[in-house]
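For the protein sequence lines, the chains are A and B, in the order given.
The first sequence: position 65 = 65 (this note's numbering), numbered continuously.
Each number in this note's numbering comes from the position in the second sequence (counting from 1) with 1000 added on.
Think of the hints as simulated: they come from the structure by calculation, not from any bench.
Predicted model, so just to flag it, every value in this text is computed and none were measured.
Where a beta carbon is used, it is the ideal one built from N, C-alpha and C, also for glycine.
Hints are supplied without guarantee of correctness; some may be wrong.
Here's a subset of chain A near chain B, in silico, CB distances under 7 Å, partners left out [unchecked claim]: (1) 7; (2) 32; (3) 35; (4) 57; (5) 59; (6) 104; (7) 108; (8) 111; (9) 263; (10) 265; (11) 273.
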Amino acid sequence: MELFTNQVLAGIATGAIYACMALAVVMIYQAIDHLNFAQGEMAMFSTFISWQLMQWGVPYWAAFVITLALSFVGGIAIERILFKPLAKAPVLTNVAGFIALFAIINSSAGLIWDFTIKQYPTPFGSAPFLGSQLISTHQAGMIGVTLLLLVGLYFFFQYTRIGLAMRAAASLPESARLVGINTSWMIALGWGMAAAIGSIAGMLIAPVVFLEPNMMGGVLIYGFAAAVLGGLSSPFGAVVGGFLVGIFENLAGTYIPGVGNELKLPIALALIISVLVVKPAGLFGRHIVKRV
Amino acid sequence: MSAAEEVVAEGHQAVEAVPKRAMTLGTGTSLAVLAVLLVAPVFVKNFIIFQMTMLLIYGLAVLALNILTGGSGQFSLGQSAFYAVGAYTTAVLMEHFNVNYALTLPIAGVVCFAFGFLFGQPALRLSGVYLALATFALATAMPQLLKLNFLEHWTGGVQGLVVTKPDAPFGLPISQDMWLYYFTLVVTIAIYIFSVNLLRSRSGRAFMAIRDNEIAASAMGVDVALYKTLAFGVSAAITGIAGSLGAIAVQFVAPDSYTITLAISLFLGMVVGGVGWLPGSIVGAAFIIFVPNIAEGISKGLSGAVFGVLLFLVIYLVPHGARQIAIVGQQLAGKLRKN
Chain A
1 MELFTNQVLA GIATGAIYAC MALAVVMIYQ AIDHLNFAQG EMAMFSTFIS
51 WQLMQWGVPY WAAFVITLAL SFVGGIAIER ILFKPLAKAP VLTNVAGFIA
101 LFAIINSSAG LIWDFTIKQY PTPFGSAPFL GSQLISTHQA GMIGVTLLLL
151 VGLYFFFQYT RIGLAMRAAA SLPESARLVG INTSWMIALG WGMAAAIGSI
201 AGMLIAPVVF LEPNMMGGVL IYGFAAAVLG GLSSPFGAVV GGFLVGIFEN
251 LAGTYIPGVG NELKLPIALA LIISVLVVKP AGLFGRHIVK RV
Chain B
1001 MSAAEEVVAE GHQAVEAVPK RAMTLGTGTS LAVLAVLLVA PVFVKNFIIF
1051 QMTMLLIYGL AVLALNILTG GSGQFSLGQS AFYAVGAYTT AVLMEHFNVN
1101 YALTLPIAGV VCFAFGFLFG QPALRLSGVY LALATFALAT AMPQLLKLNF
1151 LEHWTGGVQG LVVTKPDAPF GLPISQDMWL YYFTLVVTIA IYIFSVNLLR
1201 SRSGRAFMAI RDNEIAASAM GVDVALYKTL AFGVSAAITG IAGSLGAIAV
1251 QFVAPDSYTI TLAISLFLGM VVGGVGWLPG SIVGAAFIIF VPNIAEGISK
1301 GLSGAVFGVL LFLVIYLVPH GARQIAIVGQ QLAGKLRKN
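Using the sequences and the hints given, assemble the complete structure.
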């Protein structure tokens, strides 16, 4: 039983990483209706910017805020420059655009900061949290930040004018345009917010997985899986999905014989697919009814 | 944003409707392309012949994805898994059972058809991004499954298997590479003709009806579940045959040659070639084989970025892929004829 509790705790700790990423994935999915494959790379690039700022002597929290602002602007710029011209192109062409963006960011980061692994500081310290060896204060802090972010987003979408406008633009673009919402800029805003949330995720994940251009590869896959499991239309579901995926993964690694580190991912994905077969819109997603 | 709330959405399609006549080339153009493919190898070096063989093989794999996505409207990031199954079927049959290489192709096709058909069953419940995730899971799982210990006796584990390259039969005085090229060309043409006819047949019309409107299709009496899984099966079978040919051409199979990167390349090939336009498959295959090399030639350190920029250029200029160029060309030709 103790093994079980420990593994669940460890799962929650890794789950926090996935939850962070899943939140960013859901944000952009809400705004543009596609999964952005370059999301992880954008987060990685933001993290490198903050690292560079700290190398230049900027204190952690100042670097954090500056990176957040830069990522927000950067996200909007990417949408305006690269993806607005593709707005009328077929969906699959857009997906190809994401893959292109992925390649560009990954390779540029490699050229600017090279591929060596770098240490990244944590503001929360890395002592054991409440005497538990499995969760460090950093991981606890990460869970805290994720939950704060979730509450913040909830209030933003539910109680602010602009949050309402963004929801309207995403769910019924034509009607939103008729009541005077600039849907095109709402999409750009969605990109900006997703980039900013991604940068927070990146800066929180970097102390755990270390900083390097490929750090997000694995994380993004889990983030997608978590977002899909929780339901792509629900930020709350994404966070729950993130923790569930983390727990799944750890329990599968512990209890199913013959599952090493290698098979953890396929097993987690297989489990998620079995859940989706029963609940096709994800655990907390809204069921979309099609008009015939 | 309550979870239980139901949203009514307009049923927009992920894949645009391509009329079936627009899916192929005219007879004249087809014969011209065929002539080039037949004659070209005589004038070039062995390495280039090998690259042309790979071009045909990837072309087949892209064609298979095109039947699935452009034909039946289902999205797959798992094609690399089917490719791997085909490649391993051939490698195991040739190396452990001494089966003739040509005979392994239909066997690989049948094995992959069954695999794809079975995979299509759970995939029936999923569509859009969910299907993308499911197929993606298949693609990430496949290299790990091939490395499993109890399969190691057959698959060679991480090391993989070495495949012997076949000699030209009947004592023909041509090199192994050239023989393999012509062998691949014959298989490719056969599959291309099969695919064109498939999409023109009753089944093809059923695929397209499902792609354009699933509910309307089922109201017209199309067995949606059957045809969706059938599309998966056919696509997997063709990808598997491409995988077999790939294993013979490269003379080597290993789990890490068939990762998600391969599936993503095939997807890019389909987009560049034009979704739903079968002859575009070969253009797409050329893109995914040659453009990374060109990018590497322009800048070693930034090859990824250069590739990304080139890809962006292509999708800006022709968002509908090579099909768009072909349509413009046709219109121009039509105008010239009138004048």
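> Which of the stated hints cannot be reconciled with the structure, identified by number in ascending sequence?
Replying inline: Structure breaks hints 1, 2, 4, 5.
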